[in-house]
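K.L.:
Which chain is which? The protein sequence lines are A and B, in order.
Every letter in the first sequence is one number past the one before it in this note's numbering, and letter 242, counting from 1, is 242.
Quick note, this note's numbering runs 1000 ahead of the 1-based positions in the second sequence.
Read the hints as simulated data drawn from the structure, not as lab findings.
Treat the hints with care, since some could be wrong.
[Claimed, not checked] Residues from chain B shown here face chain A by an in silico Cβ test under 10 Å; the list is partial:
1) Leu1084
2) Tyr1152
3) Leu1239
4) Lys1255
[Unchecked claim] Across the chosen pairs, the derived CB separations fall in these ranges:
5) A:Asn218 / B:Leu1104: 16 to 22 Å
6) B:Leu1064 / A:Thr113: 57 to 63 Å
7) B:Gly1061 / A:Asp173: 58 to 64 Å
8) A:Thr113 / B:Arg1162: 42 to 48 Å
9) B:Ile1087 / A:Ala7: 35 to 41 Å
10) B:Gly1061 / A:Glu116: 57 to 63 Å
11) A:Lys161 / B:Ile1098: 55 to 61 Å
[To be verified] In silico DSBU-like cross-links for lysine-lysine, where the CA-CA straight-line distance does not exceed 35 Å:
12) B:Lys1165 / A:Lys190
13) A:Lys222 / A:Lys74
14) A:Lys97 / B:Lys1069
A virtual CB, placed ideally from N, CA and C, is assigned to each residue, including glycine.
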Amino acid sequence: MTEANKAPLLEVKDLVKNYHDGPNARNILDHLDLSVNEGDFLTILGPSGCGKTTLIRCIAGFEDYEGEILVEGKAVSQPGIDRMMIFQTFEQLFPWKTVKKNIQYPLKINGITDKEELDRIAEKHLELVGLAGKGDLYPHQLSGGMKQRVAIAKGLALNPKIILMDEPFAALDAMTRNKLQAELIKIKEKENATVIFITHNIQEALVLGNRVILMSKNGEIKVNMENKIPKPVTPASEGYGEMWKLLNEALWEEDSEGGAVSE
Amino acid sequence: MKSETRSEIRDQIIFIICFIIAWYVVYKMRVFSPTAFPSVGSIGESFVTAFTTNDMLSYTGHSLLLIAKGLAIGIGLAFIFSSLAVISKHFHAIYNLIVSICDLLPGVALLPLAICWFGIGEITIIFIVVHSIIWPMSRSIMDGFSSIPRMYIESGMNIGLRGLKLVTGVYLPAAFSSVLSGMRVGWARAWRGLISVEMIFGTTSSGAGIGWYIMMRRNFMDMSGVFAALIVIIIIGVLVEYGIFRTVENRTVRKWGMVQ
């Protein structure tokens, strides 16, 4: 582990989040510690209501919190372009801007005004997500999968330190989801991005992540393990079965009602 | 979609033709005195003479100029105050109260005050026009702002927009259909208010408008002239709706897929 002596990109220390929305409001996140190294692809699993979305919303800067969240040693206090969030909903692009403008607008705000440069960046990232030539369409003319691709392109174009993804593929059909998973791995490799990816799908967690954590209902990290299965990960890969079983059992344990856990 | 609007237009044209025929029949039956209920032909004639000999164009121009000034100021102020209400919660609370109160006051009821303050002249008219548009417009903009999906605001904050930049970059375009409907309501109220004030005022140093024209025709007991002026008012209303509002709507919220 050559990276062991390098400071992690993201450090979460003793993080507590409580909305204080009632006299007995519980801690959504309960003294949680986490560190993510540069180039990590961390997937976070957990039952509904375990606070996984709250965790990345805190990292993104959308929530106040107690404890510490440090990106390259600097405390997170508000949203910023070093942490780009990609949401589950298809409606995260601005409908009043074309695909190309959706990608270019954040760049413009952040000081890139040269038109050729903007066009070059937009084209490069549209190509990266397989949407070359679609730049002049409006979001409402795209399918759900295409919208998520644009959201990824938009996030990458800003060259953030961390990409935060909150179940971005959960509302897609299985075929499209598989395709986007494969593409996301390729893009991550190519751009050497650091990704934190929330999912409720064990297979997705294993296919994408080189680290997988599983959160408990109490807002703590229950499982934190490396995923050493070589990419591309399929259910036939060696070691997949054991990891799947371990995670599945941990999820079942958390799910007190014993309802279905998606595989 | 296309054939639907076409059949709608066909129905509307048929209705107008039937209406004119019914008018003609009522006139021919002499139910009302011809002075009070002029013939279609004489209204048409008055419509033409209004422009050829009675200088209707300059009356219309005068009214339109005043309303344009009033609308520009009113819309501008509504934007500024509604934007401030997004940035500051305290201002929102206060402005919300002001809008609720002022929206209840008819412009004409403020006329005596306005005359006392500004005298009989252009400023008073513009004051009434601004009053007619600023409150409904502010109400629509603020309602629009508060119903914007949280997602757009968070996306905007994520890419570094704050304060006023967030308002112009996200709030305004995201609430644009509310902004447009606010403008529609505001324009209609302002146009009606303007005509009323012109009728009460008569002529001012800067000229006279359509309202004054109607009063003059009434004084001459020229009912067909009154009808002709009403038709001018309607035509202007239709032109503004189809020429301005529909065009803007087609080029913005419709193109963006934000309305059906």
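K.L.:
Work down the list of hints and note, for each, if the structure agrees.
P.N.:
Structure-based check of all given hints:
Checking Leu1084 (chain B) against chain A: minimum C-beta separation of about 21 Å lies over 10 Å; hint violated. With 10 Å as the threshold, the beta carbon of Tyr1152 (chain B) comes within range of chain A, its nearest partner Cβ sitting at about 7 Å, so the hint holds. Because the smallest distance between the Cβ of Leu1239 (chain B) and any Cβ of chain A comes to about 26 Å, over 10 Å, the interface hint for this residue is violated. At a threshold of 10 Å, the smallest CB-CB gap from Lys1255 (chain B) to chain A is about 7 Å, leaving the interface hint in force.
The hinted window of 16 to 22 Å between Asn218 (chain A) and Leu1104 (chain B) is violated, with their beta carbons roughly 53 Å apart. About 39 Å separates the C-beta atoms of Leu1064 (chain B) and Thr113 (chain A), a value inconsistent with the hinted range of 57 to 63 Å. The beta-carbon spacing between Gly1061 (chain B) and Asp173 (chain A), approximately 60 Å, falls within the hinted interval of 58 to 64 Å. Between Thr113 (chain A) and Arg1162 (chain B) the C-beta distance comes to about 19 Å, which lies outside the given range of 42 to 48 Å.
Between Ile1087 (chain B) and Ala7 (chain A) the beta carbons are some 38 Å apart, a value that agrees with the proposed interval 35 to 41 Å. At roughly 47 Å, the beta-carbon separation of Gly1061 (chain B) and Glu116 (chain A) lies outside the given 57 to 63 Å, and the hint is violated. In this structure the supplied range 55 to 61 Å is violated for Lys161 (chain A) paired with Ile1098 (chain B), their Cβ-Cβ distance being about 45 Å. At roughly 33 Å between alpha-carbon atoms, Lys1165 (chain B) and Lys190 (chain A) fall within 35 Å of each other, so this suggested pair holds.
Distance check on the hinted pair: Lys222 (chain A) and Lys74 (chain A) sit about 27 Å apart at the alpha-carbon level, within 35 Å; holds. In summary, the hint linking Lys97 (chain A) to Lys1069 (chain B) is supported, as the alpha carbons are separated by about 31 Å, within the 35 Å threshold.
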